Each structure stands twice: as structure tokens, then as C-alpha cells.
Amino acid sequence: MEDLKRILAAHPFFSGLKPEYFQLMVGCASNVRFDSHTYIFREGEEANVFYMVRQGRVALETFAPNQKPIILQTIGEGEVLGWSWLVPPYRWSNSARAVQPIRAIALDGKCLRDKCESDNKLGYELLKRVVNVIGTRLEATRIQMLDVYSATPVALRHNEKEFQ
Amino acid sequence: MSRLALNPNPMLPNRYLVRSVSKETHDTFTLLLEPDQGASSQPSFLPGQFSMLYVFGVGEVPISISGDPGNPGHLVYTVRSVGKATQALTGCPPGGMVGIRGPFGTNWPVAETRGKDVIIVAGGIGLAPLRPVIYHVLHHREDYGHLFLLYGARTVKDLLYRKELASWAKEPETDVYITVDTGNQSWRGNVGVVTNLFSSVKIRPEQSIAMICGPEIMMRFVVRELESRGVARPNIYVSMERNMECALGFCGHCQYGPYFICKDGPVFSYDRLRPFWDRHEL
Amino acid sequence: MITDESVVKGRTTIERTGIGAQAVLTVQQFENLIPALHHRSYEVIGPVLREGAIIYDVVEKLADLPAGWTDEQRPGHYRVKPRQGKADADALFGYAVGPQSWKRYLHPSEVRLFSAKRQDGVFQILNNNQPLEPSMKRAFLGVRGCELAAIAIQDRVLLEGKFKDSVYQHRRPGVFIVAVNCTQAASTCFCTSMGTGPGVRQGFDLAVTELTTQRGHQFVIKIGSEAGAEVLSDLEYANATPDILREAEDAIERNASRMQRHMNTNGIRELLYNNFDHPRWDNVAQRCLTCANCTMVCPTCFCTTVEDVSDVTGGHAERWRKWDSCFSQEFSYIHGGSVRSSAKSRYRQWMTHKLASWIDQFGTSGCVGCGRCITWCPVGIDITEEVHAMQESQVNALHPAKKEEHGRS
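Protein chains in written order, with the numbering used here: chain A, 1 to 164; chain B, 1001 to 1282; chain C, 2001 to 2409.
Note that these hints are calculated values from the structure, not bench results.
Because the structure is a prediction, the values reported are computed rather than measured.
No residue lacks a Cβ here, since even glycine has one placed at the ideal position from N, Cα and C.
Watch out, some of these pointers could steer you wrong.
[Claimed, not checked] Short, incomplete list of chain B residues facing chain A, as computed with Cβ under 7 angstroms:
1. N1009
2. L1012
3. G1096
4. G1183
5. S1186
6. P1215
[Claimed, not checked] Rough simulated footprint, nothing fancy, chain B against chain A, three-plus residues with beta-carbon under 8 angstroms:
7. 44–56
8. 105–111
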């Protein structure tokens, strides 16, 4: 228990969080490992876990019927995996596959949600941090969408071709 | 053949021969050029400078020099085939003749960076004008601190200089981080924008000089990330790009605010560009 | 200092024939100027009336000049008309500037930079170190103060930077300049605001003030250089008495005091740098056609483009340089699109460059107040008005109370 609390407190996601909250959350926490190439979760499944990655790289993937799976983003050491556990309908929007052996702390999503309902201050602290993660990923995703390294970046594909 | 001195008139191209053309990606090739046998001397260049490459009867394009500044015997250019002139260049067979004017422009601050950590952030073909810095640092290792290379490309197939990336990663005091915008399942590296890489990089902002090259959008958010991590504006350098025709500051096309990219740049300190940086359609 | 020549040739001498000395000539005496220049192998370029405008072209004799003509200029309006007054009906320089400027000769609109040939995969630049055109001695007759300043500005841009423009370097040296002090500005002129006129101060070989009074049609000529003194020594002239000199000064001063347009250049660099998003740009963008007339007629605009051409066989290629304009859509084209895509951004670029960035680049304003851009803009955009509008909005923003107090907008 103490060990878990210490590990939680050391993770960058929780930086600045008051010590008493770790006591609150530790009941929802457990140490987990995943082998390389295993799926941590799949798109569409119920989202009930919040992962704090301690070691290894995770690939967020999506797929379409006529395409092979594409990695949209990788998440590594010191980052967090999954925010769909906090937002209804609590379903994963992408798949997560371990690219390397993963060590992480898994926090039970429902357990955390209940604790946030009863202690709104904890809820606010968690929400603040999750919103930050979502915001950063959103900004990055928008830039990825622009395909800036392409010879015909997205922004220019909208140009009417006045000249070659 | 009579010995031809290098043309002192900067408006006239000098003759070079293509020694080799190697394929980097589906649309990008690296050319190795040497002076036409008559030429008596070779201009040296500084990292970050560019040349105007001339294809007879077709036209000229500005291409950054991406070879080793310590070995100016051959001029190296990594060219992306996107138009008539670059198509002609990348399709040029060994022994073909190309005209070169230059080198032109300002250089990366390799002298000012001595004794400091070097943070190189490259996006896409932006790694080409930064490669001379890497060569320089690795050949003068004692003069520099830690070397960080953060490199983002579109996909794995678009990564340049793959063999060198692997060998650079093995150099002492050198960290190489690579990411792609999207990856396939056989890729075990990072996927995401190049700024994501910063979360794994332990930089010492007060003693670092950062050099960035890539599409302007990418440079904008990299600068933001560097500043948020405590790197001061005068210690951040960018390589700018605009329409270039004469490379001499006469045709007026390359102006960015009061600066002629061809002669006041292409390398600038971010500090100097700050008043103009966020302006649309400048 | 009396020269031996003048004594030998029995002409009236003046006290000094050195730089700064002033002589007065009749029309008949002034007529010998062009022959004196021809005698020294100069090709003389001067103002001529052609197709309804006063432009610059080769002149063989004084009679080629548009004597008795004047111009009427307003925003978007240019007409030549015969002079009305009795006394000055035959004035040779009784107009302001036309659509052309001397950059036509110094920084030509089309010039070949090199030609090359190719055989068996080997190409060669021809005429490697020789100029592609023969040397020509030219004399410019009728250079106004604003134009003199424009030439000096282009000298700085093309000769005093990191590189030298080889074409300009070939054409500029040795140009003989006969300047003219303006005594009749057009309504679009604002040289006084830019400190370039109407009188000329330096940079000329000879400077002429035309006087058309009851005393008769006369020309006061000031020597500006040794070359000028040398040419003048071929002509007959009389002492310029203090009276005549004062008359000449008065004519210039009168012209200056009647200048109709003004530009307040105080803080103009900061004004433009700090107002990148000013709504006035949207205002002018609605009117601007991006036709590029202003850049073509402007005597300091120097932008060019290069064009590589080859013949059908592919064995012969040339590179040509032509005037270009920042108003064109493709001027700032890079990687599939233009940086300055909107008309607004292009007008802003031109005006900001001309009045502000130029100062950082070359140490002076790029504008000489000749007014051509105002006259030749088809929709009559007035650069002085645009600057004024922006300045006013700053004043109003800072001192709204002041605005009410004076009852002005």
C-alpha cells in the first residue's frame, strides 16, 4: 500500500497534488504489467481503467475496414493512458497496444469516479489534470492532421490551383 | 581544358558534376557534386548556408547544403522532387552537369554554441540543413556539451539518413529521438508530433542552444515548447524559408518583414524574429 | 578663379568656374548644351511628349523637349495640356514627373543576365566576365529633385549592399546628370515632406532653374561637379547676378510653399510596424486592384524576377531578368501557395516596405514624394492619405477628448 502510494506520488501526472488525496486513491490502484504486442484495451470496449505508465511505450491505434491498423500516437514513461473512463459513455475510442514491455499503475475507473463524486475537491484536481492531457493531445492531433511535412500539406490542398 | 576560376560574379553559375544520386525516400534524393575538372578552387561553406542549383534551360532552386563543412571537396544536397527543376536535379544521372551559385546566407551558430548543449529539432526535410551541424559537433566533440537530436517525419518511409541516425545515437553524450506523424504496426518507435519527444528529454535550458528547421507550423510549436521549458529566446535559432530567386538581396521576393531571407537569413535567432513571428501573411 | 580657356575664347567669365558656381543662359545659349554633351559622346535622354504623356527618351536637340506643355495630375488622373500663361508659354520644364523614371535606364525592365550553350551534356556560360551589353555614355537631362533622390536610393540598394548588381554597376557610373529645380509641382507631389525637393542639393553635374518672367526666358545653371564645369565651359553664359539668383530661389521656394500634399514622416516606421492589423488595411484592400501600376511607376521599386528560357533544340539557354511587383499573386509563392495571398497583405507589404522596412534595410525612406503612385493608381489610392488616416486613428485613440475639443475628425 505504502509502496503504491509512493509510486503514485512520484508520477508526473500527479505533481502538485496534496498527499491526503493519494491516501484516497490508493484503494483504487494496483500494479500491472503487459508484455510487448499485447493489447491493453481495444476500441469500443468499456473504459474502466486509468493507466499511469511507468515504463515502456504504448501505441494508440485505429483501423478501418480497408486499411491496416495505424498508430496515431505513442505514449511513454511518465505519461497517462486513457481518459475515456472519466467521460460518458465510458468506452475506449482507440485501441492501445504495448509496443514494449509495460509497467504501469492501473486505477479502477469506477472506483475513482465514485471517490470523485463524494470528494469533489479530488474530482476537481483530477479533472484539471485530465483536461490538460486532453488539451495537449488535441493540439498535437490538430497539427498531425495538417500533415505539415507533406509536399502537399493539407492547408494547401484547399487552394484553387491558379498556377502550378 | 583550361582552368576555370570560380566565377567571381555571383549572378553566374559555376559548373559542377553529379558524382552520385542516392535515394532517401520515394521523393527525396541526396546528390553529391564535385567541381567541374577545370575549377581551381572550392568554396567552403558554413552549416545552414544554401546554394542556388541551376539546371540548364530549366531554372534555379535554393537548396540547403547538407554535407560536412569540414570536407568541402564535395557538395552534398538533399533534394525533394516537387517541381520541374528539382525533378531534373533528382533525375540527373552521374556525370551530369549542374550549375551552382553560392554558398549564400547566414549560418547556424556553431561558434556561439561551443561549451554548451546542442538541441537540434528537425521536421521532415528540415533535417538536411541541420545535418552539417551534427557533423561539425561530432567532429569537434570536446568543444560541445550534450547533443540532442529530435526528429519528426511524416511516416517511417519518410525518414532521412536512417543509417546515420542509428550511428549518431551510438555517439557519446548524444541522444537521438525520432517520431513520425503516423506509424504502422511494424514501427516500434514514437508516434506523434515532435514536441511530444520533449517529455523524455532532460535538457539543461540555461546552457543550451536550440536549432530548429522544418515547416513553419512545426517551428512555431517547437519554439513554444522550448520557451515553456525555459530556453531563452536568444538561444533559439530557426531557419526560415521564402520564395527565393536571386539569393543576393536584389529581387525582393524573399522579404520577411524587414529581412531578406537570402542574406539576413535563412538562419535567425528567434529573438530577432519575435516581433514578426505571429503575423499572418507577412 | 578665372580660367585660361575663358580668356582665350573671349567669353564673358564668371568669378568662379568651380563647383557651386552659377551662370545664367538665354534659350539660345542653353540650346548648345545637348551638342556639348554629344561632343563628349554622351547619348542624351530627356523628356519628350509621346502618346499623351511626358516620358523619357533619346533627345537630339532642345526642340525635342515638350516646350509649352504642362501636366495635370490628380489621384488616378494624368493629362498633358498646353500652357496657358503668356510669359511662360514656351517653358521647357513646366511640368512635374510622368509615368517613367530614370530607373528605366539604370535598372532596365528587361535585361539578359547570361546566355549559355550546351553540347553533349556540357554547358558553358558565354561572355563569362564581360558585360552583355556595350558600354554607353548617357546624360540624363531634366532630373527632378525627387528623381535625384530616387537614383541615390537605388545606388544604395544595388551597389552598397552585400553584393553589387552587375547590371546597375555597368550602367550607373559616368551618367551625366542635368538636374532641374522644380518650379511647378503637380498636385500629387509631396517632395517637401520627404526632404527631396523641389530644389536639388547634391548628386548632379549641372542643375538648371528655368525662369520665365518679363525679363525673358532664362536658365540659371549651377555647377555640381568637375564634369559639369567641363561641359559648361563649352557654352556661352553670363554672370548670374544676385538678383537673378534670388529670383531663382524664390521660384523654388514658392513652389515648395504651394505643395498640396504632405506626409508626416515622424514616427512613421513605428506607426507601420505597430499597426499590422489596423482596419485601414481592409479599407484600402477593398479599393486596391493589385494592378501593380504603382510599383512600375515608382522610381525606387527594384523588385525583379528571373526567367530561364531555352531554344527548341535545348542547346542554347538564356536567363533574363524582368521587373516584378510584390502585388502579383505569385510573388510570395512557396510550396504550393502564396504567403501573401490577399490583396490586403500585398498592399500592406508594399506600403510598409516603402515607408518603414526600407529604413531598416537601407537607412532612408524608400519614398521620395514624387506622387507617381497616386497619379497612376487607376482607383486613385493616395499613399499620403493612407498614412494620414492611420496617424489620425492613433491620435484619436490616445486623445478622444482632444478630438471633441477641436471639433475635427
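A quick look at each hint next to the structure:
1. N1009: violated (31 angstroms)
2. L1012: Hint on L1012 (chain B): violated, closest Cβ of chain A at ~28 angstroms, above 7 angstroms.
3. G1096: violated (23 angstroms)
4. G1183: Status holds, d = 4 angstroms.
5. S1186: At 10 angstroms from the nearest chain A Cβ, S1186 (chain B) fails the 7 angstroms test, so the hint is violated.
6. P1215: holds (4 angstroms)
7. 44–56: violated (count 0)
8. 105–111: violated (count 0)
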